[in-house]
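Full structure from sequences and hints, please.
Those protein sequences? They're chains A and B, same order as listed.
Sequential numbering from 0 applies to the first sequence in numbering that gives the first Met the number 0.
Sequential numbering from 0 applies to the second sequence in numbering that gives the first Met the number 0.
Keep in mind the hints are simulated off the structure, nothing from the lab.
Just to be clear, a hint being listed does not mean it is correct.
With the C-beta cut set under 7 Å, the calculated list includes, among others, these residues of chain B facing chain A [what the hints assert, rightly or not]:
hint, residue
1, Val5
2, Gly13
3, Gly79
4, Phe129
5, Leu130
6, Ala163
7, Lys167
Computed beta-carbon distance windows for the label pairs [as the list claims (entries may be wrong)]:
hint, chain 1, residue 1, chain 2, residue 2, range
8, B, Asn160, A, Asn146, 19 to 25 Å
9, B, Asn171, A, Ser4, 38 to 44 Å
10, A, Ile133, B, Ser40, 40 to 46 Å
11, A, Phe33, B, Asp144, 27 to 33 Å
12, A, Gln105, B, Glu6, 32 to 38 Å
13, B, Glu55, A, Glu104, 53 to 59 Å
14, A, Ile95, B, Lys57, 42 to 48 Å
15, A, Glu188, B, Ile145, 19 to 25 Å
16, B, Asp25, A, Ile133, 41 to 47 Å
In this text, a Cβ means the ideal position worked out from N, Cα and C, and glycines have one as well.
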Amino acid sequence: MSILSASLGLTRYRIIEDVPKETLQEVPEKLKQFCFIDIDATADERSFGWTNIDDMLDMNWTQSPPEKAEYFTFGLRLDTRRIPPAVLKKHTTIAINKELEHNKEQGKNFVSRDRKRELKEQVTLRLRARTFPIPAVFDIIWNPPANRIYLATTNAKVRALFEDHFALSFDLHLEPLTPFFMAMDILGEEAAPKLENLDPTIFV
Amino acid sequence: MDLSLVERENVLLGQDFLTWLWYKTDGENVLFALEDKRTFSLHMEQKVSVQGGEGETKATATVSSPSGELTEAKTGLIHGKKVNKAQLLFSMDQDDWLVQINSADFGISGLKTPKISTKDDEGDDPDGKFLEKMFLVERCLEMLDIVFTQFLTLRMSKEWNEEAAKVKLWING
Numbered sequence: 000m001s002i003l004s005a006s007l008g009l010t011r012y013r014i015i016e017d018v019p020k021e022t023l024q025e026v027p028e029k030l031k032q033f034c035f036i037d038i039d040a041t042a043d044e045r046s047f048g049w050t051n052i053d054d055m056l057d058m059n060w061t062q063s064p065p066e067k068a069e070y071f072t073f074g075l076r077l078d079t080r081r082i083p084p085a086v087l088k089k090h091t092t093i094a095i096n097k098e099l100e101h102n103k104e105q106g107k108n109f110v111s112r113d114r115k116r117e118l119k120e121q122v123t124l125r126l127r128a129r130t131f132p133i134p135a136v137f138d139i140i141w142n143p144p145a146n147r148i149y150l151a152t153t154n155a156k157v158r159a160l161f162e163d164h165f166a167l168s169f170d171l172h173l174e175p176l177t178p179f180f181m182a183m184d185i186l187g188e189e190a191a192p193k194l195e196n197l198d199p200t201i202f203v
Numbered sequence: 000m001d002l003s004l005v006e007r008e009n010v011l012l013g014q015d016f017l018t019w020l021w022y023k024t025d026g027e028n029v030l031f032a033l034e035d036k037r038t039f040s041l042h043m044e045q046k047v048s049v050q051g052g053e054g055e056t057k058a059t060a061t062v063s064s065p066s067g068e069l070t071e072a073k074t075g076l077i078h079g080k081k082v083n084k085a086q087l088l089f090s091m092d093q094d095d096w097l098v099q100i101n102s103a104d105f106g107i108s109g110l111k112t113p114k115i116s117t118k119d120d121e122g123d124d125p126d127g128k129f130l131e132k133m134f135l136v137e138r139c140l141e142m143l144d145i146v147f148t149q150f151l152t153l154r155m156s157k158e159w160n161e162e163a164a165k166v167k168l169w170i171n172g
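Dropping the structure here:
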């Protein structure tokens, strides 16, 4: 989702560690190092990585730099190939029938379970090579002075993917600003024991 | 830290917060102040969801009403449910921000900021639109944080029992 969307979904994070100046200077370089790699010409099921926030096809940041005022901005691009289950079922059946005919000629009236599995894998691969990957981009805005990172989605799978790829790229760990972590951020670590022992309020 | 504990605290704080917020902003126009002393108001809008019970007995009631009539959800509060999702309308000067917030993780959805200019004029900063949008998004989050901080201070203080009694009166009233 684009940060410019009229109706925006957002997850907020903070970085747990102190971020050294050198790490911040290395951000553009790290983005390129862990950028998205195209899978149009392969049969890979999915691929993900960083890309330019202004242009999802620009993995070299030639259109614009990731720095905008005090922010770092980039996109998490995720391409996925998905074969519709009905299509897979149809082509697997065709392949098994063909194999059965072949077997009958040799006097064997069945296709073994292992061979069926093998055929299904072959069909999956063949179909995948013929399917276009569906691209998706999720905007990321990093505000280092405020120690805030915004991811333009609340989707749990994308969130997990983003958290892992961010840690891998920058060797920094993210904490989602859920009510508890938000409270810790506001009140400080020393409030932890008190926060952990809260009882829910009974209003009625 | 124990993740199931974090999850429990998230739900507890988030639901207490949104339930309190409904009480706080219902009917009267409460003003909150930003750090630069500018004030804003806050209302629960059109859509609210209340939840109660645990595990298999968990029950949710969602009310969506264009006229802002949310009595069915309030009936849920009488039966011990708490607010788990709410649509909030922040107003400052002439500007409005509409946002939906989830109590369990503070996930934000449907965030509508005041409109930004969409046409590109020659000589404009190419990042102008982005920076204007970010200013508005961060302003909304700042307002949300101010309200949450106010709740948190109260929630951790001795005055909370008194406040909870007021919420109870409001629920039953």
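Consistency of the hints with the structure:
no., hint, in the structure
1, Val5, "holds, 5 Å"
2, Gly13, "holds, 4 Å"
3, Gly79, "holds, 5 Å"
4, Phe129, "holds, 6 Å"
5, Leu130, "holds, 6 Å"
6, Ala163, "holds, 5 Å"
7, Lys167, "holds, 5 Å"
8, Asn160/B / Asn146/A: 19 to 25 Å, "violated, 34 Å"
9, Asn171/B / Ser4/A: 38 to 44 Å, "holds, 41 Å"
10, Ile133/A / Ser40/B: 40 to 46 Å, "holds, 43 Å"
11, Phe33/A / Asp144/B: 27 to 33 Å, "holds, 31 Å"
12, Gln105/A / Glu6/B: 32 to 38 Å, "violated, 59 Å"
13, Glu55/B / Glu104/A: 53 to 59 Å, "holds, 56 Å"
14, Ile95/A / Lys57/B: 42 to 48 Å, "holds, 44 Å"
15, Glu188/A / Ile145/B: 19 to 25 Å, "holds, 22 Å"
16, Asp25/B / Ile133/A: 41 to 47 Å, "holds, 44 Å"
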